[in-house]
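Asker: From the two separate chains plus the hints, produce the assembled complex.
If you read the sequences in order, they're chains R and U.
Each residue of the first sequence is one higher than the last, beginning at 75 in my numbering.
Each residue of the second sequence is one higher than the last, beginning at -4 in my numbering.
Keep in mind that the hints were calculated from the coordinates and are not lab data.
Cβ coordinates follow ideal geometry from the N, Cα and C atoms, glycine included.
Check each hint, because a few of them may be wrong.
[Claimed, not checked] Residues of chain U clear of chain R, computed beta-carbon distances all greater than 12 Å:
id: 1; residue: Ala9
id: 2; residue: Ala22
id: 3; residue: Ala25
id: 4; residue: Leu31
id: 5; residue: Lys63
id: 6; residue: Arg84
id: 7; residue: Leu245
id: 8; residue: Gln301
[As the list claims (entries may be wrong)] Below, simulated PhoX-like cross-link-like pairs (lysine-lysine); rule was C-alpha separation at most 20 Å, straight line:
id: 9; chain 1: U; residue 1: Lys7; chain 2: U; residue 2: Lys33
id: 10; chain 1: R; residue 1: Lys136; chain 2: R; residue 2: Lys76
id: 11; chain 1: U; residue 1: Lys73; chain 2: U; residue 2: Lys63
id: 12; chain 1: R; residue 1: Lys117; chain 2: R; residue 2: Lys83
id: 13; chain 1: R; residue 1: Lys607; chain 2: R; residue 2: Lys768
id: 14; chain 1: U; residue 1: Lys218; chain 2: U; residue 2: Lys239
id: 15; chain 1: R; residue 1: Lys76; chain 2: R; residue 2: Lys117
id: 16; chain 1: R; residue 1: Lys593; chain 2: U; residue 2: Lys239
id: 17; chain 1: R; residue 1: Lys136; chain 2: R; residue 2: Lys213
id: 18; chain 1: U; residue 1: Lys275; chain 2: R; residue 2: Lys117
id: 19; chain 1: R; residue 1: Lys211; chain 2: R; residue 2: Lys136
id: 20; chain 1: U; residue 1: Lys275; chain 2: R; residue 2: Lys76
id: 21; chain 1: U; residue 1: Lys63; chain 2: U; residue 2: Lys7
id: 22; chain 1: R; residue 1: Lys593; chain 2: U; residue 2: Lys218
id: 23; chain 1: R; residue 1: Lys656; chain 2: U; residue 2: Lys161
id: 24; chain 1: R; residue 1: Lys856; chain 2: R; residue 2: Lys895
id: 25; chain 1: U; residue 1: Lys218; chain 2: U; residue 2: Lys161
id: 26; chain 1: R; residue 1: Lys136; chain 2: R; residue 2: Lys117
id: 27; chain 1: R; residue 1: Lys126; chain 2: U; residue 2: Lys239
id: 28; chain 1: R; residue 1: Lys649; chain 2: U; residue 2: Lys46
id: 29; chain 1: R; residue 1: Lys768; chain 2: R; residue 2: Lys739
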Amino acid sequence: MKAPLSWIKDYIDVDGLNIEQIAHCLTMVGLEVEGIRLVGLPKPEAERHEFKYEGLTWDREKFVVAEVLEVLPHPNADRLVLCRLNDGTQELIILTGAPNLYPYKGKGELAQTLKVAYAREGAMLYDGHQPGQVLTKLKRAVIRGVESFSMICSEKELGISDEHEGVIILDADAPVGTPLVDYMGDAVFDISILPNMVRDASMLGIARELAAVTHRELRLPQGIPLPQGDALSKRVSLEVLNPELNPRFMLGMVENVQAQPSPYWVQRRLNLAGMRPIDALVDATNYTMLETGEPLHAFDYDLLRKRAGGNPPSIITRTAQPGETLTLLDGTVQPLDERMEVVADSAGPLSLAGIMGGMDSGITSQTQHVLLEAASWNFINIRQTLSKLKIPSEAGWRFSRGVHPALAEQALRLCLQRLLAWGGGRLVEGVLDAYPLPPQDPVVTLTEEEIISRLGAPVSLEEAAGILERLGFECTLQEDKLSAKTPPIRLDIGEGLIGKASLVEEIARIYGYERIPSKRLAVELPAPVFDTKLEAEERIREILVSLGLQDTVAYRQTSPQREARILPNQSIDPKHEYVRIKNPITPDRTVMRTSGLATMLELLEYNSKFRPSLALFEIGPVFLPVESQLLPNEALRLTVGLAGLREIPTWQTKTPEQRDFFDLKGVLEALLKGLHIPEVNFRPTERPTFHPGKCAEVLSGERVLGVFGELHPMVQEHYEFEALPVLAAELDADLLVALSRVEFEHQPLSNYPAMVEDIAVIVPEEVSAAALEAAIRQAGGKLLVNVRLFDIFRGEKLGLGKKSMAYQLTYQAFDRTLTDKDAETIRNRIVRALAREFGAVLRSQ
Amino acid sequence: MTDREAQLEQEKIAALTALEEVVSTEALEAWRVAHLGKSSPVMQAFSDLGKLPAEERPLVGRAANAVKQALESAYAVKSEQLRQAELERVLASERIDVTLPGRAVQRGRLHPLNQTLREVCQIFRDMGFQIYRSPEVETDDFNFTYLNIPPYHPARDMWDTFYTDKDGVLLRTHTSPGQIHIMRERAPEHIRAILPGTTMRYEQLTARSEIEFIQVEVLVVGKGITFADMKGTLIDFAARAFGKDARTRLRPSYFPFTEPSAEMDVECFVCGGEGCNVCKGTGWLEILGCGMVHPTVLEYGGYDPQEFSGFAAGMGIDRSTLMRYRVDDIRHFRNNDIRFLEQF
Ligand SMILES: [Zn+2]
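Next comes chain U alone, as it looks inside the complex (with noise of 0.2 Å):
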C-alpha cells in the first residue's frame, strides 16, 4: 500500500467518523462539501492523480474512487435519515385534534309526516294503486250525502265538521268525498287508487287531538271484489309497513259508507303485543278503519252495486308517525318547531 493510498483511508476513518455527528441538513451540506467538495481529500487525489508516477496511479486512482463511493452512499444513506426525521417532525407537527365537531353542514329533511306519506304512497305503488287528490273544501254532498250520511242522519256525529259561511260548503272531515270524484270520473272502468289529503275537523287543540290532519284512502271498485279481498290487501300493507310478520286482526266496526265495516289493528310494535302505554295495554295498535263499499255510495258514484262492488279503508298519516316515533304531542307537527323537524 501507497502513502497515499492509507491517506485516503485514513481520510474515509475521518469523514465517516465525522458523518455520524451530523443531525441536520445544514451540517450534512458543509459534511458534502468537506469531504465531497472540489477541495475534498478524495477530490483532490483525483486531481493530484497527474502528479503521481505512473505505475501508482491506478492503484491510487482505484483507491480514491472506492473511497469516493463509499463516501456517496454512506451520503446518501444519511440524507434519507435526515430526510424521513425532517418528515416526521413535520407530520408531528401538523397533528390535529380530530375529535374537534366536524364543519356543519345544514342538511335538508322532509317533514316528518311527508316522510311518513311517502312510504305508504310508495307501498300501495308497489301493489299496483294509483295515486287520486281532490279538493279540501268541500260540499256538504261529496262530504256526507253521496257516502250515505243524509242531513241528521245519527252518524254524523261521526265528524265534528268546519262549516263556510256558504251554504252547504265545508272543510272536508275525511279524504272519503274523493271516492265520489275518483268513481264519477273513471266510471265504469275499475279502481285501485289510495286518495291522499289534508282533512279536517272541529276539534279541541290538545296534545292527543288536532284540526287538521293527513289522511290516505284507499278504493278498489270493480267486479267480483270480496271481503277477503280487502283482508288480503290490507294485511298485505300491513306486512310491507310494519315487516312481514307484523299481526294483524280486523274487527266489525261502523261507517256509514262501507257494510261490512271493520277496524284493522297491528300488533303493537312498541311493546310487541305485551300491553304498553303507547297500546292503552291492549297490545294492539289501531290503524285504519274499512269495509266493503255501500251500494248507496257505489250509486252515487255512477257504478251498478249489482255488478260491481268495491272496498274502501283509510288511514291517518299523523297518528301512525305519533305512534312511530312516540311523538307525545301531536301539535309538534304542524308547529314545525326546527329543533322538532330536526329530528327526522
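Only chain R is shown next, with the shape it has when bound in the complex (with noise of 0.2 Å):
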C-alpha cells in the first residue's frame, strides 16, 4: 500500500511529526514502512535514520509555481514552442517541446493562464529523456538558436510518475511564485498490510491508526447525504438470492456525467499510489476506494439498458449458471462455475462479484449515464474464485480479506460526490439498498486482570478504554468491566475469549510493545523429557566430524527417475511407493526422497570436479509411505560418502593412494565402536548399486544396520565422477540411535607385562579373516587380550588356492607376568584348533 502523506493529512494533522516519526509510529503499530519515497520534501532531520528513502527533493528556491501567459511558435522548430511565463518574480520566455502546449501556440495572451511547475537552472531533477530515474542538473543550452536554461517539468522530471508526454499543467487555483515543494511536495510510504488489517489497506484506516497513537482527532470525510427518492427505483431494478454470499449491495446513479481528465491533485495522488489516473470517472472509483477501503463498480447505464432491450435493467446477483461465461474488463474470457458468485441482469453475467468487471458493461470514455455499485461480498466465497481462476485484482484482495458491509454506504456517499465534482453531471434522486445480512458487530467485554494478566503490563481500564475508542470502538465503563463494541469499519474482531485476545492485541498495539516490560519466566520448569534422538544423531555427527568428515544438508525433494540412477539399468519400478508432490517446483523434484544413497552420489557427483579426494556424510529423513498410514514413515538414515584420494595430493605425497572398500570399513568401524554398538560383524551381501564382490552388509548381531561397498561399475558410468573409486554407505540412523550407548563398562587395565608375538598360519583361499580371526580368539581364551592381522601373503610356494595370514597375538593376565610356557601352551592350542578347523599349517618362520 502506497500512502501519500499530503492524502493522510486531509483525515489527521500532522504537525509537530516529521516523516521519520511519523513511519516510526505506523511501524510500531503494525502498518510496517518498508520504505519512504521523497516527491519534493525533503529527508526530514534525525539521529538516526530507521528507513530507507529513495527519491527527489525539490530545492525551494529551484522550482516554484508559474503561470504560462501566451505560447509562442519557435522561430527554427515546429515541434518545439516557447512560452511567456511568471515565475512570481518577473516574466521569462521559456523554451519547451510539450505537445500539450501545442493547442494554445499562437492563441495570443491567454484568457486563463496555464499553471505549471517551473524549474530554474541549476535545480537537480531527473533527466526526462533516459529511462528510469535519472539525475541530472539542469544547465544553460543553447536549443536550435534559442537560448534555454530553465524549463517546465513533467510528471517524471519530478519523480512522480513515469509521465513524459506533457509537461504538468497544475490546478488553475495554483498560487504562483510559491515553492512547489510547499504546494504540492509529498512523500510516500510504502506501507506493508498485515493480513487481518485489510481495513487499513485505505488512506482513512492509515489515519485512523495514526490518530490512534499519537492521541490526535481524526476527520472523517463525509461525502454528500443519501440521495433520498424513488427516481432511481423506477430506473433499475435490483435484487440478491444468496445473503450469505452478498450480504450488501447499493446501487446510485449520476446522469450526464462527462469523461474528462480529473483535477490535477488528484491524478497526482493516485499517481502516487501507484494507480493511473484514466478519467474522472474511473479516477473517482479508484480514489474512494483507495480512501476508504471498499472496492466500487461503475456501469454505463446506456448499455445496460440496450442489454435490456430499451426498458430499465433488472440486477440481480446470483451464482454463475453451469457453462456461463464472461468477458472480463481486462478481455479475457472466464468459464463460470456454480459456485462463483456474479451480478448478472437478464441477459446474463455483467461482472464477477468482488473482482472485476465486464468488458461489455462498464463505463468508458463515452458513458453519459454512471450506475454506481457498492456491494459487500462473502470473503470466503471470493478467495475460492480468485484462487480457481487465478486473476490478479486489487478488488479481489481486498474483498478476499474481508470487507465490513457499512463501508458500502460510506462509499457510495464519497464516489457520488467526486462523480459529481470531477465529472460534472445530476445527482439521480434515491438510491437502491439491498442489505439482507448486516453482520453483528462484536461486543467485547474485558476487566483489567484480564488485560494485564494476559500483557504482564500495568495497563489501566481507562486507558484500554481510550486506545479502542481512538480506534473506533464503542465502550462503556461499568464497574470493573469494559465492554467495547467492534466498528462497523472491521471483521477480524472474535467473539468470547477470541474477542478477548483480539482485544488486548488491539490495546497492546496502541499502548505501544515498547512499553511492555521484559520478564524472565517464573514459572517452574517442567518435567524432563529427554530427545535421546537428537543426542544420538549428534554424537553421530561428532563423531563423524572427529573422523574428518564433511557434514552435509540435502533436500528431500528429488524425482523418481533421480533416485532411479543408483541401478544398473535406471529402470523406474513402477511398484515403488513414493509421497508423490501435486504440485512440484520443477520436474526434478515430484516425490520425496525414499534414498539416502541417491542423495549421496548426487553430492559426490556435484562435488567431484573441486576435489580429488571426498569425505562426506549426511543425516536426515527418507519418506517411505506406508498403506495403511495417511502419513509415510520417517526413517532417518545416515549416508556415508568417500571417493577418489585417500588424501589431497601435496608436495610431500605427489600421488596419494586411493581409497578403497576399506577406508569406507575403518570410518564404519570407528563410528559403531564410538556410539558403543554391540556384536558390530560385517557379511558379505549383494546390492543392484554395489560391485558384486565389494559389498557388504553391516549388523549388531543379527540386526542389520546398513549396506556399504564400492559402487558398481554399471552404476558409477550414470554418474560424472572425477574422484574415483565411489564408496558408499546407507544405514538406518534410527536403528544406530537405538542401539547406541552412552552407559558402557570400561576394559580393565592389567599391571603385568603383556607377552607379544607373531604366527602366520597357511590356509585355503576361501577362509574369511573374520572366521579365522574368531577361531583365534576362541581358542586363544581370556589370556590372549589383542589379535592383529599385519600380513596377507600368497605365492607359488605355499600353493594353489592358499594364503598365508600373519597375526601379532597379544598375551595378559591380570593376576602375574606370562611365561614362555604360557604363551606356548597358547599358542599350541590356538593352532591346534586352526588345523582342526580350517586345515591351518603353520607357516615356518
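Answerer: Here you go:
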C-alpha cells in the first residue's frame, strides 16, 4: 500500500511530526513502512534514520509554481514552442517541446493562464529523456538558436510518475511564485498490510491508526447525504439471491457526466498511490477505494438498458449457471462455475462479483450515465474464485480479506460526490440498498485483570478504553468491566475468549510494545523429557566430523528418475511407493526422497570436479509411504560417501593412494565403536548399486544396520565422477540411535607386562579373515587380549588356492607375569584349533 | 732442571703447538696417538723412568705427569671444540624451509546450518528449554486448521504450500504443527520447549528464496504466562545469540496462531544500526516472529484457554546464517558445494 503524506493529512493533523516519526509510529502499530519515497519533500533530520529513503527533493528556490501567459511558435522548429511565463518575480521566455502546449500556440495572450511547475537553472531533477530515474542538473543550453536555462517540468522530471509526454498543468488555483515543495511536495510511505488489517489498506485506515497512537483527532469525510427519493427505483431494479455470499448491494446513479480529466491534485495522488489516472469517472471509483478501502464498480447505464431491450435493467446477484462465461475488463474470457458469484442482468452475467467487471457493461470514455455499485461479498467465496481463476485484482485482494458491509454506504456517498465534482452531471434521486444480512459487530468485555494477566503490563481499564475509542470502538465502563462494541469498519474481532485476545492485541498495539516490561519466566521448569534421538544423532555427527568427514544438509525433494540412477539399468519400478508432490516446483523435484544413497551420489558427483578427495556424510529422513497410514514413515538415514584419493596431493605426497572398500569400512568401524554398538559384524552381500564382490552388510548381532560397498561400474557410469573410486554406505540411523550406548563398562587395565608374538598360518583362500580371527580368539581364551592381522601373503610356494595370514598376538594376565611356557600353551592351542577347523598349517618362520 | 725435564717441557710446547693446527677428528686422533699414545715422548718418559738414577726419578716422574695432564686436558678441550663444530655443521646442513606448507590434514566440519542450529538449541537449553521434533510431512489439519487457519482463510496466503497426491497431506510449511503435537502429548503439564526442523514452501528457487529451510519454533505454555514473559525470554535469547548489548525491538505483526503477534528486530550487526545492504538501510534485522498462543490453538492442543496461556516464536536458521556470514545466495546451503562448506 502506497500512502502519500498529503492524502493522510486530509484526515489528521500531523503538525510536530516529521516523516521519520510518522513512519516509526506506523511501523510500531503494525503498519510496517518498508520504504519512503520523497516526492519533493526533504529527508527529515533525525539522529538515526530507520527507513530506506529514495526519491527527489525539490529545492525551494529552484522549483516554483509559475504561469504561462502566452504560447509562441519557435522561429526554427515546429516541434518546439516558446512560453511567456511569470514565475512570480519576473516574466521570462521558456523553451519547451511539450505536446500538450501546442493547442495554445499562437492563440495570443491566454484568457486563463496555465499553471505549471517551473524549474530554474541549477535545479536537480530527473532526466526526462533517459529511461528510469537519472538525476541531472538543469544547465544553460542553446537549442535551435534559442537560449534555454530553465524549464517547465513533466511528472517524470519531478519524480511523480513515468509520464513525460507533456508538462504538468496544475490546477487553476495554484499560487504563482510559491515554492513547488510547499504547494505539492509529498512523501509516499510504502506500507506492508498484514492479512488481518485490510481495513488499513486505505488512507482513512492509516490515518485512524496514526490518530490513535498519537492522540490526535480523526476527521472523517462525509460525502454527500444519501440521496432520497424513488427516481432510481424506476430506472433499475435490484435483487440479491444469496445473502450469505452477498450481504449488501447498493446502487446510486449520476446522469449526464463527462469522462474528462480529473483535477490535477487527484491525478497526482492516484499516481503516488500507484494507480494510473484515467478520467474523472474511473478516477472517482479508484480514489474512493483507496480512501475508504471499499472497492466500487461503475456501470454504463445506457449499455445496461440496451441489454434489457430498452427497458429498465434488472440487476440480480446470483451464482453463475453451468456453462456461463464472462468476458472481463482485461479481455480474458472466464469460464464460470456454480460456486462463483456474479452480478447479472436479464441478458446474463455483467461482472465477476467483487473481483472484476465485464467488458460489455463498464463505463467508457463515451459514458453519459453512471450506475454505481457499492457492495459487500463473502470473503471465503471470493477467495475460492480468485484461487480458481488466478486473476490479479485489486478489488478481489480486498474483498477476499473481508470488507465490512457498512463501508459500502460511506463509499457510495463519497464516490457520488466525486463523480459530481469531477465529472459534472446530476444526481439521480434515491439509492437502492439491498442489505439482507447485516453483520453482528461483536461486543467484547474485558476486566483489568484480564488485560494485565495477558500482557503483564499495568494497563488501566481507563487507558484501555481510551485506546479502543480512538480506534473507533464504542466503549462503556461499568464498575470494573469494560465493554467494547466493534466499529462497523472491521471484521477481524472475534467473540468471547477469542474476542478478548483480539482486543488485548488492539490495546497492546496502541499502548506500545515498547512500553510492555520484560520479565523472565517465573514458572517452574517442566518435568524433563529428553529427545534422546537427537542426542544420539548429534553424537554420530560428532564422531564422523572427528574422523574428517564433512557434514551436509540435503534436499528432501527429488524425482524417481534421479533415484533410479543408483540402479544399473536406471529403470523406475512402477510399484515403488513415493510421497508424490501435487504441485512440484520443477520436474526434478516431484517426490519426497526414499533413498539417502541417491542423495549422496549426487553430492559426490557435484563435488568431484572440485576436489580429488571427498569424504561426506548426511543425516536426514527418507519418506516411506505405508499403505495403512495417512502419513509416511520418516525413517532417519545416515549416508557416508568417500571418493577418490585418500588425501589431497601435496608437495610431500605427490601421488596419494586411492581409497578402497576398507577406507569406508574403517570409518564405519570407528563410528560403531564410538557409539558402543554391541556385537558389530560384517558379512558379504549383494545389492544392485554395488560391486557384487565389494559389498557388505554391517550388523549388530543379527540386526542389519546397513549396507556399504564400492559402486557397481555400471552405476558409476550414470554419474560424472571425476574422483574415483566411489564408496558409499547407507545406514538405518534410527537403529544406530536405538542401539547406541552412553553407559557401558570400561575394560580394566592390567599391571603385568604383556607378551607379544607373531604367528603365520597357511589356510585355503576361502577361509574368511573374520572366521579365522574368531577361531583364534576362541582358542586363545581370556589371556589372549589382542589379535592383529599384519600381513597376507600369496605365492607359488604356498600352492594354488592358499594364503598365509600373519597375526600379532598379545597375551596378558591380570594376576601374574606370563612365562614363555604360558605363551607356548596358548599358541599350541590356537594352532591346533586352526588346523582342526580350517586345515591350517603353521608357516615356518 | 734435568735434561729430561727440559725435554719434556719442549715436548709439551711442541705438542700444544701441533694441537692448534688440528681441525678434524681424524687429525685429533693422530695427534693423540703421537702425543699421548704408547710410543709418544711423554709415555716413553714413564717407561724410561726405571733407567734414570733414583734421585732423578721423582723429579722426572712429576714433570712427565704434569705434561701428560696438560696434554690430556688440552685434548679434551679440543675434542669438545671439534664436536661442537661438527654438530653445528650437521645442524646447519639439516636446515629446512619452514615456510613450506604443512602436511595436509582433512578436517571434518559441521554444515553451517547445523552449526547455527546447534548454537540456537544450546542457548535455549541453557534457558531450560527442551527439544521436541515432529514430522515433516503433515496433515492439513495440523499444519493449518488446528493453528487457527481454517480452509480458505486469507491467512493461508502467507504460506505457499506443497501438497501431496494424498488428500489433506502436505509438506509442512512451518514447524508450528509441532505445537499441537507437543501440547497433545504434554497437556495439562506446562511446556517450555523448542521445536527445530526442516520445513518446505512452494517458492521459486532464487538467491533469496529456498523451497526447504530449517526453522526453530519456541513454545511456552503454562498458567499466568504473559506478553512480558515472552518479551523478556526473547530479549534474553537475543542477548545470548547476538551479544548482551544487542538492541532489540518488538513491533506488531500478524500470525493466525498467536494474538497479540509481534516481529522481533535486532540491531543490524553488520552496520551497527547505521544502515547497510544487509538491513536494507533500516539498521534493523528481522530475526523472529512471535506472539501469545491463540486461544483456539490452546484448545486444539488440549489446554483450557481460560486457565492456560502461552507464547510461541519462530525463527529461520537459514536466514540468520545467511546474514551472519553475508552469504549472497541461499542456495549455497543445500548445494553443499565443498568449496563453500570448507569455509565454516
Ligand atoms: Zn545494516
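Asker: Hints first: check each against the structure and report whether it holds.
Answerer: Now for the hints, and whether the structure bears them out:
Distance check on Ala9(U): its Cβ is at least 55 Å (rounded) from any Cβ of chain R, clearing the 12 Å threshold; non-interface status holds. For Ala22(U), the requirement that its beta carbon stay farther than 12 Å from each beta carbon of chain R is met, with the minimum near 40 Å. Ala25(U), annotated as away from the interface, keeps every beta carbon of chain R farther than 12 Å; the closest lies near 44 Å. Remark: the non-interface label on Leu31(U) is consistent with the geometry, its nearest Cβ contact in chain R lying 47 Å away (cut-off 12 Å).
With a least beta-carbon separation of about 50 Å from chain R, Lys63(U) lies farther than 12 Å from that chain, consistent with its non-interface assignment. With a cut of 12 Å on Cβ distances, Arg84(U) stays outside the contact zone with chain R, its closest approach being about 26 Å. With a closest Cβ-Cβ approach of about 4 Å to chain R, Leu245(U) is found to fall inside the 12 Å limit, against its non-interface label. With a least beta-carbon separation of about 7 Å from chain R, Gln301(U) fails to lie farther than 12 Å from that chain, contradicting its non-interface assignment.
Between the alpha carbons of Lys7(U) and Lys33(U) the distance comes to roughly 16 Å, so the proposed pair stays at or under 20 Å and holds. Under the criterion of a C-alpha separation no larger than 20 Å, the hint pairing Lys136(R) with Lys76(R) is inconsistent with the structure, at around 27 Å. Among the hinted pairs, Lys73(U) with Lys63(U) is consistent with the structure: their alpha-carbon atoms are about 15 Å apart, no more than 20 Å. Distance check on the hinted pair: Lys117(R) and Lys83(R) sit about 18 Å apart at the alpha-carbon level, within 20 Å; holds.
Among the hinted pairs, Lys607(R) with Lys768(R) is inconsistent with the structure: their alpha-carbon atoms are about 32 Å apart, more than 20 Å. This hinted pair does not check out: Lys218(U) and Lys239(U) have alpha carbons roughly 29 Å apart, beyond 20 Å. Distance check on the hinted pair: Lys76(R) and Lys117(R) sit about 18 Å apart at the alpha-carbon level, within 20 Å; holds. Between Lys593(R) and Lys239(U) the alpha-carbon distance is near 16 Å, which keeps this suggested pair within the 20 Å criterion.
Between Lys136(R) and Lys213(R) the CA atoms are separated by roughly 12 Å; this keeps the pair inside 20 Å, and the hint holds. About 17 Å separates the Cα atoms of Lys275(U) and Lys117(R), which keeps this hinted pair within 20 Å; it holds. For a cut-off of 20 Å, the pair hint linking Lys211(R) to Lys136(R) stands: about 11 Å separates their Cα positions. Pair hint Lys275(U) plus Lys76(R) holds up; C-alpha atoms about 18 Å apart against a cutoff of 20 Å.
Distance check on the hinted pair: Lys63(U) and Lys7(U) sit about 8 Å apart at the alpha-carbon level, within 20 Å; holds. Under the criterion of a C-alpha separation no larger than 20 Å, the hint pairing Lys593(R) with Lys218(U) is consistent with the structure, at around 15 Å. Taken as a hint, the Lys656(R) and Lys161(U) pair is honoured in the structure, with Cα atoms around 9 Å apart against an allowance of 20 Å. Between Lys856(R) and Lys895(R), the direct Cα distance comes to roughly 16 Å. Compliance with the 20 Å bound is thereby established for this hinted pair.
Restraint check for Lys218(U) and Lys161(U): the C-alpha separation of about 39 Å exceeds 20 Å, so the hint is violated. Using a Cα cut-off of 20 Å, the hinted pair Lys136(R) and Lys117(R) holds, with the two alpha carbons roughly 17 Å apart. The straight-line distance between the Cα atoms of Lys126(R) and Lys239(U) is roughly 27 Å, outside the 20 Å bound, and the hint therefore fails. Proposed proximity of Lys649(R) and Lys46(U) is contradicted: the alpha carbons are some 119 Å apart, above 20 Å.
Of the pairs offered as hints, the one joining Lys768(R) and Lys739(R) holds, with about 11 Å between alpha carbons and a cut-off of 20 Å not exceeded.
Checked against the numbered hints given earlier, the structure breaks hints 7, 8, 10, 13, 14, 25, 27 and 28 and satisfies all the rest.
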